[in-house]
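Dock chain B against the given chain A, drawing on the hints supplied.
Number of protein chains: 2
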Amino acid sequence: MSLPHPATEQLDLAIILAALGDPTRLSIVAHLARNEAEPLTCGQFLDLGSKTNISYHLAKLREAGVTRTEAVGTSRLISLRRADLERRFPGLLDSILASAKTLSP
Amino acid sequence: MSLPHPATEQLDLAIILAALGDPTRLSIVAHLARNEAEPLTCGQFLDLGSKTNISYHLAKLREAGVTRTEAVGTSRLISLRRADLERRFPGLLDSILASAKTLSP
Numbered sequence: 251m252s253l254p255h256p257a258t259e260q261l262d263l264a265i266i267l268a269a270l271g272d273p274t275r276l277s278i279v280a281h282l283a284r285n286e287a288e289p290l291t292c293g294q295f296l297d298l299g300s301k302t303n304i305s306y307h308l309a310k311l312r313e314a315g316v317t318r319t320e321a322v323g324t325s326r327l328i329s330l331r332r333a334d335l336e337r338r339f340p341g342l343l344d345s346i347l348a349s350a351k352t353l354s355p
Numbered sequence: 251m252s253l254p255h256p257a258t259e260q261l262d263l264a265i266i267l268a269a270l271g272d273p274t275r276l277s278i279v280a281h282l283a284r285n286e287a288e289p290l291t292c293g294q295f296l297d298l299g300s301k302t303n304i305s306y307h308l309a310k311l312r313e314a315g316v317t318r319t320e321a322v323g324t325s326r327l328i329s330l331r332r333a334d335l336e337r338r339f340p341g342l343l344d345s346i347l348a349s350a351k352t353l354s355p
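Taken in sequence, the protein lines are chains A and B.
Just so you know, we're using the working numbering here: the first sequence kicks off at 251 and counts up by one.
Just so you know, we're using the working numbering here: the second sequence kicks off at 251 and counts up by one.
No lab work stands behind these hints, which were simulated from the structure alone.
For clarity, every value in this text was computed on a predicted model and none was experimentally measured.
Note that beta-carbon positions come from the ideal geometry of N, C-alpha and C, so glycine has one too.
Each hint should be verified, as a subset may be incorrect.
[Unchecked claim] Computed footprint of chain A on chain B; a stretch qualifies when at least three of its residues, placed anywhere within it, have a C-beta under 8 Å from a C-beta of chain A:
#1 257-271
#2 335-343
[Stated by the list, open to error] Only part of the chain B face toward chain A is listed, based on derived beta-carbon distances under 10 Å:
#3 THR274
#4 ARG284
#5 LEU298
#6 ILE346
#7 ALA348
#8 ALA350
[Said to hold, decoys possible] Computed far set for chain B versus chain A, every beta-carbon distance over 12 Å:
#9 LEU253
#10 PRO254
#11 GLU288
#12 THR291
#13 GLY293
#14 THR302
#15 ASN303
#16 ALA309
#17 GLU320
#18 VAL322
#19 LEU327
Chain A on its own, in the form it takes in the complex (with noise of 0.2 Å):
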């Protein structure tokens, strides 16, 4: 079973940024931007916080269509959406991870 995404043509930039509005949304994207070549699984965040906590923000930045998670077996996937969102919001996602970088050098 896949859980909900929204379509490319429909990512909102309003609702996007207040996903990304958030220190420890903004660690998970900055985390899956350094790890491109392959999808993370919830685990590899949970120095991030807590199981629940993470879980939370993981379907916080799916709903907004910043990440894709896909269930394979009993784990889930989870990828950045650098094409979709760089296709429908041009420069956006790179010039808010480079603003990340400033932060955590």
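Positioned in the frame of chain A, the structure of chain B alone reads:
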């Protein structure tokens, strides 16, 4: 008496994105960006919401450091803190404004 504003070095990415993660506040910022030659008064945003509503959103933007509010006599003049934002997070504001523009051509 002047209202409190965060210093440039205190500007926080998550707080700024959260402040911009709202359609009314995005519209206010886009409007300020189109009229940067002179500060605007609260009254110039009343097509975006009630006076109470706009006051609330302007306070959120000021507290996040996105805008500056100056009390001049009985009016409040609102301006975008473009130079401060640019110094702290180069390119971020323009990229968000460009994305906002794709929404309302």
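Results for each hint:
1. 257-271: Coverage by chain A holds for the region 257-271 of chain B (9 residues, Cβ < 8 Å).
2. 335-343: Holds: 5 residues of the region 335-343 of chain B have a Cβ under 8 Å from chain A.
3. THR274: The hint holds - THR274 of chain B has a Cβ within 10 Å of chain A, the shortest such distance being about 9 Å.
4. ARG284: At about 17 Å, which exceeds the 10 Å cut-off, the nearest Cβ of chain A leaves the hint on ARG284 of chain B violated.
5. LEU298: Because about 13 Å separates LEU298 of chain B from the closest Cβ in chain A, which is outside the 10 Å limit, the hint is violated.
6. ILE346: 7 Å, holds
7. ALA348: This interface hint holds because 7 Å falls under the 10 Å limit.
8. ALA350: 6 Å, holds
9. LEU253: Non-interface label stands for LEU253 of chain B: nearest chain A Cβ at 22 Å, farther than 12 Å.
10. PRO254: At roughly 20 Å from the nearest Cβ of chain A, PRO254 of chain B sits farther out than 12 Å, so the non-interface label holds.
11. GLU288: 26 Å, holds
12. THR291: 24 Å, holds
13. GLY293: 24 Å, holds
14. THR302: 20 Å, holds
15. ASN303: Consistent with the label, ASN303 of chain B stays out of reach of chain A, its closest Cβ about 15 Å off (over 12 Å).
16. ALA309: 16 Å, holds
17. GLU320: Holds, since 26 Å exceeds 12 Å.
18. VAL322: 30 Å, holds
19. LEU327: 25 Å, holds
Hints 4 and 5, counting from the list given before, are not met by this structure.
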